[in-house]
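> Read off the chains here:
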Amino acid sequence: MSNIHLHYEVSGEDFTRAGEASGSVKKRLKALGYNTDAIRRVAIAMYEAEINMVIHAEGGFVDVDIFPDHVEVLLSDKGPGIPDVEKAMQEGFSTAPDNVRNLGFGAGMGLPNIKKYTDDMRIETEIGKGTDLYLTVKVKEA
Amino acid sequence: MVVKDIIDILQGEVICEGDLNQEIKTACGSDMMSDVLAFVKDQSVLLTGLVNPQVVRTAEMMDMACIVFVRGKIPDDSIISLAQTRGITLIKTRYRMFTACGKLYEGGLSGGTAV
Numbered sequence: 846m847s848n849i850h851l852h853y854e855v856s857g858e859d860f861t862r863a864g865e866a867s868g869s870v871k872k873r874l875k876a877l878g879y880n881t882d883a884i885r886r887v888a889i890a891m892y893e894a895e896i897n898m899v900i901h902a903e904g905g906f907v908d909v910d911i912f913p914d915h916v917e918v919l920l921s922d923k924g925p926g927i928p929d930v931e932k933a934m935q936e937g938f939s940t941a942p943d944n945v946r947n948l949g950f951g952a953g954m955g956l957p958n959i960k961k962y963t964d965d966m967r968i969e970t971e972i973g974k975g976t977d978l979y980l981t982v983k984v985k986e987a
Numbered sequence: 011m012v013v014k015d016i017i018d019i020l021q022g023e024v025i026c027e028g029d030l031n032q033e034i035k036t037a038c039g040s041d042m043m044s045d046v047l048a049f050v051k052d053q054s055v056l057l058t059g060l061v062n063p064q065v066v067r068t069a070e071m072m073d074m075a076c077i078v079f080v081r082g083k084i085p086d087d088s089i090i091s092l093a094q095t096r097g098i099t100l101i102k103t104r105y106r107m108f109t110a111c112g113k114l115y116e117g118g119l120s121g122g123t124a125v
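Those protein sequence lines, which keep their order, are chains A and B.
Heads up, the first sequence is in this note's numbering, so the first residue is 846 and it goes up one at a time.
Heads up, the second sequence is in this note's numbering, so the first residue is 11 and it goes up one at a time.
These aren't lab readings, by the way, just hints derived from the structure by calculation.
Possibly wrong hints are sitting among the right ones.
Which chain A residues face chain B? A few, computed with CB under 7 Å, are given here [to be verified]:
no., residue
1, G857
2, S869
3, Y892
4, L948
5, G949
6, A952
7, N958
8, I968
9, I972
10, G973
11, G975
12, Y979
Only pairs whose alpha carbons sit at most 30 Å apart, straight line, appear in this in silico DSS-like list of lysine-lysine [what the hints assert, rightly or not]:
no., chain 1, residue 1, chain 2, residue 2
13, A, K960, B, K51
14, A, K872, A, K932
15, B, K35, B, K51
16, B, K35, A, K875
17, A, K932, A, K875
18, A, K872, A, K960
19, A, K932, B, K51
20, B, K35, A, K961
21, B, K51, A, K875
22, A, K985, A, K961
23, A, K960, A, K983
24, A, K974, A, K875
25, A, K961, A, K932
26, A, K960, B, K35
27, B, K35, A, K985
28, A, K875, B, K14
29, A, K872, B, K51
30, B, K51, A, K983
31, B, K102, B, K51
32, B, K14, A, K872
33, A, K875, A, K985
34, A, K974, A, K961
35, B, K51, A, K985
36, B, K113, A, K983
37, B, K35, A, K872
38, B, K113, B, K35
39, B, K14, A, K961
40, A, K923, A, K960
Being a predicted model, the structure only gives us computed values, none of them experimental.
Heads up, the beta-carbon is just placed ideally off N, CA and C, and yes, glycines get one too.
Turn these sequences into a full structure, and let the hints guide you.
Next comes the structure, spelled out in structure tokens:
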């Protein structure tokens, strides 16, 4: 089976739509018959990253490659970059503005959650240029 | 416990009807969606005081069957239609978060974790 490639543009203007790409990938994986645990891990990690993109970087794009034994996701934005990745990885550390907290996010759990649910996570970030987040989720037999 | 039992226990009102006979095993009460996303358990209900579409999206990612809005909060049409397309039941209850969680716990639902 060759891999399936999906591409999504994530709008930075409408917070209420954040999560549409993740929901769509979840649906696709379900239709392809992947196991629930793997689907959920992809969906949650991608959703947190999508939210981050909308909160911090005015949107960007997502590339998803679906292989038989793993799923690769690249989330790329042209936002401000992450000054201190180590700090951003700490649970509870957040630079999100108050209006985002009122929406239920910005608790400093985004990146820690993404790390928790993926098998591999890599951040390439440059101040003023943007951030590329590479995620891999292995599909284990249920 | 099934979704119908939650409606009874919380004297709730159904705002969007999904599968009312779906079994619910655990519950999570929070207004912070990232805290909800840190918790993965099968067949859960989400109790929240937060009313926006991201509540439904969070439940969608977590495969949750049911969302309870506490303290009489009413979701708007965009939230209801999002839940409809995902088959998620929305319930409102006049109970506050603490009381609603307590009643469900008393009814036999657990948090699903040791701590």
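> Does the structure break any of the earlier hints, and which numbers would those be?
1, 2, 8, 9, 10, 11, 12, 14, 17, 24, 36, 39
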